[in-house]
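Order-wise, the sequence lines are chains A, B, C and D.
For the first sequence, counting from 1, position 98 maps to 98 in this note's numbering; every step adds exactly one.
For the second sequence, counting from 1, position 67 maps to 67 in this note's numbering; every step adds exactly one.
For the third sequence, counting from 1, position 139 maps to 139 in this note's numbering; every step adds exactly one.
For the fourth sequence, counting from 1, position 235 maps to 235 in this note's numbering; every step adds exactly one.
It should be emphasised that the hints constitute simulated quantities derived from the structure, not laboratory data.
There may be inaccurate statements among the hints.
Here are the simulated lysine-lysine pairs, PhoX-like style, with alpha carbons at most 20 angstroms apart [unchecked claim]:
id: 1; chain 1: D; residue 1: K147; chain 2: D; residue 2: K160
id: 2; chain 1: B; residue 1: K19; chain 2: D; residue 2: K416
id: 3; chain 1: C; residue 1: K2; chain 2: D; residue 2: K58
id: 4; chain 1: D; residue 1: K416; chain 2: B; residue 2: K71
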Amino acid sequence: MHKKVHVQATINNEPVEFLCEPRQSLLECLRDILGLTGTKEGCNDGNCGACTVVLDDRIVTSCLVLGVEAQGRKITTIEGIAEGHKLHPLQQAFLENAALQCGVCTPGFLVAAKALLDAEPNPSEERIRLWLANNLCRCTGYDKIVRAVKQCATEVNA
Amino acid sequence: MAVVFIPTLLQDLTGGLSKIEASGATIRDLIAALDQLHPGLAARLTEDDRLRPNISVAVDGEISPLGLLEKVSPTSEVHFLTAIKGGRQSCEEDCLSG
Amino acid sequence: MKWFDYSAPSSLSEALKLLRENSQALLLAGGTDLLVQMRAGRKQTDLVIDIKNIAELNQLVLDASGLRLGAAVPCYRIYNHRDIARGYPALSDVASLIGGTQIQGRASIGGNLCNAAPSADAVPLLIALGAICRIAGPSGERTVPVEEFCTAPGKTVLKQGELLVSLHLPPPKPHSGAAYLRFIPRNEMDIAVAGAGVSVELNNGNFQSVRIALGAVAPTPLYAKQAGDSLAGKPVNDACIQTAAELAKAAASPITDMRGTAEYRRHLCAVLTARALKQAIQRAQEAK
Amino acid sequence: MSSQFQVVGTRPVRHDGADKVTGRALYGADIQLAGLIHGFVLRSPHAHARIKRIDTSKAEAFPGVKAVITAADFPVTPDRIVDLGEGDTPLSYVRGNMLASGKVLYKGHAVAAVAATNVHIAEEAASLIEVEYEPLPCVLTAPDAMKDGAPILHDDLRMKELGEATDKPGNVAEHFRHVKGAVEDGFQLADKIIEREFSTATVHQGYIEPHNATALWNNDGRVLVWCSTQGSFVVRDVTACVLDLPVSQVKVTPMEIGGGFGGKIPVYLEPVAALLSKKSGRPVKIVMPRQAVLEATGPTPGSSIKVKIGATKDGRFTAAQATLAYEAGAYPGSMVGPGAMCVFAAYDIDHITIDGYDVCVNKPSTAAYRAPGASNAAFATESVVDELAETLGIDPIELRLRNAAKEGTRRADGPKYRKIGCVEVLEAMKNHPHYKAPLEGPNRGRGVAVGFWFNVGLPSSVNIAVNADGTVNLVEGSTDIGGTRTSIAMQAAEVLGLPAESVLPSVVDTDSIGFTAVTGGSRTTFATGWAAHDAAQDVVRQIKERAAALWETTADKVKHSRGVYSCNGKSATFAELAAKLGETGGPVVGRAAINPRGVGGSFSGVITDVEVDPDTGKTTILRFTSFQDAGRAIHPSYVEGQMQGGSVQGIGWALNEEYYMSADGVMQNSSLLDYRMPTSLDLPMIDTHIVEVPNPAHPFGVRGVGEANIVPPPAAIANAIYRAAGVRMRRLPMNPPAVMEAVWRKP
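So that you can see chain A by itself, here it is in the shape it has in the complex (with noise of 0.2 angstroms):
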């Protein structure tokens, strides 16, 4: 008989617990085993972003990462970007911005962006570009995205 593994892992500063299949990606055990179902699939391969999350200290795309390979890992996905009531700089400026439109590939660009300016305060627009071009958004053309991240480094340095 097959057997699910148990995990313990720290997820958005709390500690967590879960029982999955060895075969199940991070991504299914945050949505469907621990109901955050804000990082969302938009291909299972890797290619498109919308799943990132932070995986300690990198972000990865949480369907190319294993459940069981949480165990004793610290993860942030979109649900832990907030502080309580209290949006991040980032967030406000998408708001702001009108750097989404469909807005499901919002959260991946959010956690992606957020490890960037935590890494680098005042990236060049080339450096932004490149940082996020493991994440599609086929609704905004990028523009108002970029905008809205080089706005926030702008005001988080001033």
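Assemble the complex: chain A is given as a structure, and chains B, C and D must be docked to it using the hints.
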């Protein structure tokens, strides 16, 4: 009298005429009048007392959502339009996208 | 995906034991190729062995003997390593070319090599840099020059029960430089239509030695030995570069597929080889 | 611009913004229900084959499997023509595309479905279904499918002309023709005639969210559906029709939708999920894998187009002729109709003939994609116009201005234009700094093109309930793909004299609002916005009555201006009156259900600068400016967003996107790695210039902005590549190998 533009592919019934004047208060009346002049036209434009699936009607440039019930004035221009997936309302209705 | 079990051994010996006991086991490093292939049904297994907890496969050591690069080291650790950026800038380039930011958080150079795709970005450069593969298996360890590692699309010299532990790069020589350039239709997130990795060692305005390797133009990454050797002792000028580029082109045997025609790929071999040589020469000239 | 409005033309934060930046917004795949199980669809490995036998017994016996269905599980109903919101289509085609019966017509065609306790089990069980196929030769392009002796998809298909069946069997479902004037006479008047042939590859809308559907066949017999769709009422009607239920027995709750662009109008999964639910007694969720999205939903047609235009020396177009053959995919109904309506729509030409062919091929059944059919057509026309401009020595924008369609111009398909903004768009392009800026450097070129999309009206319903705190709840049925909750709420706010934030919009299920057509055809801000305007007026009327009751006068004496009601020196704000509804007669609900006329078509234009690498053929977009007549921009940020999004989809279409098919009909690039949509690194900022020529019919002048912006980009880029590299590209995509090979062939 209203001016009715006959689609190319119906002109076999009108002896090649592309424009016909006819009178009627509604499209239904107009088609009846046209059928008097050129028998067979009504059968090509309607079935079961509604416009055929591939036909829509425009009155004064405005595709009508009402079809046979659309009112016509004596100065109206009426086009019967054909469309690929055309519903009663218009072929434009099929061309929906986000 | 069919059910599989998962194991994450913390030592090389434990991993080798698991491999010995499960002949169909698959190794998981970054998973960016493996999980995609398993989901598409191209690979199946009853056991996935996660090799990321094994120290030898995570080493990243730069010293007088060169660079020891553990097979599971993810790309970002390579390009974030300042000394690697200084000593092996072309390797930093390659690590930042594979996939996008998220993929680079997981994907490893070792995985790129073991996946054995003809288009693997890291491999032509590893060949040009003269990398050696350290392989562990049931009968101990062995080493294989990287140009001999891939044997066919998706196939390598790894035998039953063996795994790639690390890659060893010789220390950079004075007046040497390397570069890898690939051609993709987009600017990121794409598979190479063709790629060229080169390393050059200069001596008083002449080429001392040159290694050239090509990607995506043969069933395996291709060491174009003749093209590189043709430059030894020759002056550094456009005519010589062009001659080597044409030899590289002649060495290629590409296919026509959705990424480009055979003719186009051959053409790109010459273009990319020439461009990569120029970049490597510049690096060599800037090096001490 | 104008100060006549308080809310229209401003840029408030969208009402659903907080939900969408925190991950709380619930999209179709996010729904969780007690007892939920997961479905997986088994798909054909062949592009064309007869199904000899299906044996599902092993799948049914697999542990964890709760239900298995095939086309045999559909209720047996006679074929008929049904109105499915997408036009009239035979039920057999709609049903056949959901689960094949008899034959599979494309690789990826659904043949069976399994529901199990998790998706991996469902997938594993599906692999145990035995399907015996008799493979048949396939045909993949319109020109090949039109040849004598081509493999035939539908044995019973006979070509139609104006709805009349002929006895011609084959793959051509329909041939139609539009004639204006006498085209041969027109060509006699020309000094220069250019005729060229073009082809475009099949491309996909590429929305990031895969199709999904969850259904529960409830114990009371009602079918409840949660899904991602552009039109909840279309899903309701199609599901009811396929399952042979009255529409009232189906309730569709539209979840947030992760992009559509026309591709989420057709229904693929909902009736399948419902049947699995009926069989298993459990709610069933199906999420399409990305490969299935590419292989088995509706891309937009590949096409073969011939365009011929004649002009006088001084640049007047005398005649134009086009033949368009579009690939319908597996079932009749390509977008050749609208393509034909748009092919010469930007020009005032006396003599035109247009022939259209709708051709079945062994590829997925095509669907709408943002101004469907028009980009293909404009690529051809605008390339020929550019070549004429060069030959005649006339500036390309000037040549277009000399021939621009205007009010009173009659299109070849019949209708005369009312007030349109074609000339205004061209003038804006001519005067834009981008067009005047020098373009320096080798291998660089600038191209321009224009495009048209007619937009649509269609029914919409809106209810507005007044809250005691002076806000209102606005309820509507248009799924919100790009911020339309806000553009609709803003129109109500303008009428009510309230800030946008005081109108709280909700998109609701099909039980809770009157019929509302799909979010498509650029209609939502136009038509549902109009309904919101009318519903708000209904509220104002009722509030006046309440004020009149308070002030002991009659409603006609009460004046309303910007949220303040007054009469004989007394005045009260909307909020003050809203607080007194209880004492003045109870709740106030305004409503409107409309089917508007007065649709205003939208013209668009592009100026772009490119650089072509002479060694690789790769095109880089250096600068890109999009122009569009919005009529009125309700929320300019989201108008710009539509223009930028459409532009970038057009850039992808132009440069890299295509269905790369093997000879046996298998898409070789069915992933987002190899179906190369533009990434952020492939693009510059996309500049926008909104033109506003108000639509005189609409209360705020709205035309609709969702689509026309994708029409000119491929042609503009082709024209720019010509100036950069000296080659006229007549096939899309103009990817690096194609450009390189054209450069090699250059004389």
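Has the given pair, K2(C) with K58(D), been kept, meaning a C-alpha gap of at most 20 angstroms? holds (16 angstroms)
Between K19(B) and K416(D), is the straight-line Cα distance small enough, at 20 angstroms or below? Given pair K19(B), K416(D) holds - Cα atoms ~15 angstroms apart, limit 20 angstroms.
Can the restraint linking K147(D) and K160(D) be considered satisfied, given a maximum Cα separation of 20 angstroms? Status holds; Cα separation ~17 angstroms.
Given the proposed pairing of K416(D) with K71(B), does the C-alpha separation stay at or below 20 angstroms? OK: K416(D) and K71(B) at ~19 angstroms, within 20 angstroms.
In this structure, every one of the numbered hints holds.
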